[in-house]
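Asker: So you can see what is in the structure, the chains are spelled out below.
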Amino acid sequence: MKKKLIELKNICKAFDGEQVLSNVDLYINDHEFITLLGPSGCGKTTTLRIIGGFETPDEGELLFEGQKINDVPAYRRNVNTVFQRYALFPHLNVYDNIAFGLRVKKVKEQEISERVSEMLSLVNLKGFEKRNVSLLSGGQQQRVAIARALINQPEVLLLDEPLAALDLKLRKDMQVELKNIQTKTGITFIYVTHDQEEALSMSDTVVVMADGKIQQIGTPIDIYNEPINAFVADFIGESNILDGVMLSDYKVRFASHTFECLDKGFAQNEQVDVVVRPEDVDVVPVEKGMLSGIVTSVTFKGVHYEIIVDIGGFKWMIQTTDYVAPDALIGIYIEPDAIHVMKKSEYSNMFGDYSTFSDEIDHLSDVTEDEEE
Amino acid sequence: MTHSSKTRKSNMSLLQRYAAAPHIVWSVLFIIVPLIFVGYYAFTDVSTGEFTFSNISAFFTKEYLLIFGKSVKLALIATAICLVLGYPIAYFMTNCKPKTQRLLMILIMLPIWMNFLIRTYALMTLLQDTGIINTFLSKLGLPTMHILGTETAVVIGMVYDYLPYMILPIYSVMSKMDHRLVEAASDLGCNSFGVIRKVIFPLSLSGVISGITMVFVPSISTFYISQKLGGVDTLLIGDAIEQHYTAANYNMTASLSFVLMLILIVGLAIVNHYTDSDEGGGMLI
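So the protein sequences, as listed, match chains A and B.
Heads up, the first sequence is in our numbering, so the first residue is 1 and it goes up one at a time.
Heads up, the second sequence is in our numbering, so the first residue is 374 and it goes up one at a time.
It is possible that some hints are incorrect.
Stated by the list, open to error - DSS-like, lysine-lysine: derived pairs with alpha carbons at most 30 Å apart:
hint, chain 1, residue 1, chain 2, residue 2
1, B, 443, A, 106
2, A, 184, A, 106
3, A, 68, A, 126
4, A, 130, B, 571
5, A, 9, A, 343
6, A, 126, B, 571
7, A, 105, B, 472
8, B, 435, B, 470
9, A, 108, B, 549
10, B, 549, A, 130
11, B, 549, A, 105
12, A, 126, A, 172
13, A, 130, A, 106
The set of hints was computed from the structure by calculation and includes no laboratory data.
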């Protein structure tokens, strides 16, 4: 049995009458790497700030090792934060930034010096002690921010989009490094990001949020393979989301065809959302296919081709390693385990097919750029 | 910064190149030339017009050193009071809602918009032996105070006139401060007092320095406040300069101004040297 370190019970928060969090229930285990994932404005940063002590919830309880800490100020919580854009102290050098927390606690300078150099080697910044923090690169500032938080040996480290300001290559390296630091120190990490790939590759547990509510909590594999609703399916990875009807257990009808599937427990003839991941669709000759359609576009992606296929007016995205020509008529085959059936939700029908594919790409890059305050 | 301005110089347009010209003409006519005259008069004899150090050395006689010492003392006291009053209000303002901040800003600016002479006369009627404050005190049955004509009155006048100039630069630096630094400090264990001591104060230092400069410099050279609010024994260096001027002794006027200016420049340069100015903020020199 894992130890519950932090518990959020029915947390609600509104800013100027606008509901930012509604009825958030969440618990975080000791030594866990948990990620709050969602688009801008979903409430993930607010959740983190409530745990950090920078916001007070309007309703609900925040428990730390079973004790209610709603009104405990930030400086008395055994939690440290790595801020978005780092928030390093510009009037202090690298050493003094990292030593800040220990100096506040009046630790002896001798011990501070030992622990700072320990931290500097943990984050690969040896020899940077006297540097001016505002002259460091983004990645180096990031490391200082992590060291400044970790030196206090917190039970929980909160990370608010820590890699958002870094370029892609550096972000990948830092992901690995952060994961290593977490494994090495055993500190619980609560990580906020809008980058689904980051969330899937680093976390033990992913919490998907939208519109101030938790949509799904699970391991990265669960979240990807068994999304609970159309929002999660659309937000995590690529997915074809279709309207379907559950004829009986293990039988679902969509795209005018009845498929075998592995899902059960729905009412007979229940309206459902069906998710088929683009990589799970096999391209076959028309006569062998369950469905057939016309290829409308082909994009080479390196590892595979990404093709858009018009099947009965619905544009499917399919990833295939075999080249298909545009305008070709192809058949597709879907294995029972490639079909995931979900209950209808408020997000049903909000995510269409891939007919406006290029727009969606633009939309995604917008999300990456704007900052959540 | 310096690098980019260097590369930019070569491809400046005609307009950019001559945009400073009007101000340069102005400066030469009304700053550089008068300064040369000040220097000339300071080093020439009042009657013969020959070169001399006697005007300058007059500054270092007991008479003027006492006056100068008193000016420094009163200006320092006034500056300290302005800092003690101004810093907390600037901090308070930055924590208000934007709308309240604008309102407070107008209230603080309001006295500046009122004529300087009127303000000083208003203070006289307040501080007189039979003025509003003393009338009020005696109505309450409390002993009255003799304020007008004392050093206290002069200091009150300086604080009254120059307090906004302390608040504004501190406020402007503080309001630009990244709020996440405050959160970071409390995250690292600082209570609100610790946050002020370890983060807010060091980062607002540039505003404090320019506030001190903007209060101290006019305070030390004022003559009007001390004439109206002070007594015969509160003659300040500004009064001495003015007296020489009205007596048409331009050589002494110039030498006293010249030495005062040098002392201020050296003093401010020392202060700036010990406060790292790479943050920019609101530095004056």
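Asker: Can you name, in rising order, the numbers of the hints this structure does not satisfy?
Answerer: 1, 3, 7, 8, 9
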